[in-house]
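Visitor: Sequences are here, hints too, so could you generate the full structure?
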Amino acid sequence: MKIAFVFPGQGSQYVGMGKDLYDNFDEVRDLYKEASDALGYDVAGLSFNGPQDELDKTFRTQPCLLTASYAAYRVLSSKGVTPV
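The opening position of the sequence shown corresponds to residue 1000 in this note's numbering, with each subsequent residue numbered one higher.
Since the hints were made in silico from the structure, they are not lab data.
Careful: at least some of the hints might be erroneous.
[To be verified] Computed cross-link-like contacts, DSSO-like style, restricted to lysine-lysine with a CA-CA straight-line distance of at most 27 Å:
{"no.": "1", "residue 1": "1001", "residue 2": "1078"}
{"no.": "2", "residue 1": "1078", "residue 2": "1018"}
{"no.": "3", "residue 1": "1018", "residue 2": "1032"}
{"no.": "4", "residue 1": "1032", "residue 2": "1056"}
{"no.": "5", "residue 1": "1056", "residue 2": "1018"}
{"no.": "6", "residue 1": "1001", "residue 2": "1032"}
Note that the structure is predicted; figures quoted are calculated from it, not measured.
Guide: Written out as structure tokens, the structure is:
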């Protein structure tokens, strides 16, 4: 079976996105820390706690969506689920 990963884009962001992965996987917590260090703000805090109006700003939305999407990719890949 062929597998494809499809990631969300602008407009799909919501407060709390990625939190389940963050709470359950060390590698995801490390990824959020790395993103926060690179960007100079708390990506996990904004993604999980908002406020929504700040998360909706494009310059915040894009890095938060990318981090959540990459976190999902990393977890799936670590479990042997990979796209072709």
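Visitor: Hint check: residue 1056 vs residue 1018, CA-CA at most 27 Å. Holds or violated?
Guide: Status holds; Cα separation ~20 Å.
Visitor: When you check the alpha-carbon spacing of residue 1078 and residue 1018, does it fall within 27 Å?
Guide: OK: residue 1078 and residue 1018 at ~19 Å, within 27 Å.
Visitor: Within a Cα-Cα threshold of 27 Å, do residue 1001 and residue 1032 meet the stated pairing?
Guide: The hint is violated at about 32 Å.
Visitor: Compare the distance between the alpha carbons of residue 1018 and residue 1032 with 27 Å, and conclude whether the hinted pair is satisfied.
Guide: 13 Å, holds
Visitor: For the pair we were handed, residue 1032 and residue 1056, check the Cα-Cα distance against 27 Å.
Guide: The hint holds at about 21 Å.
Visitor: Against the 27 Å threshold, does the CA-CA distance of residue 1001 and residue 1078 hold or violate the hint?
Guide: 16 Å, holds
Hint compliance for this structure: hint 6 is the single one not met.
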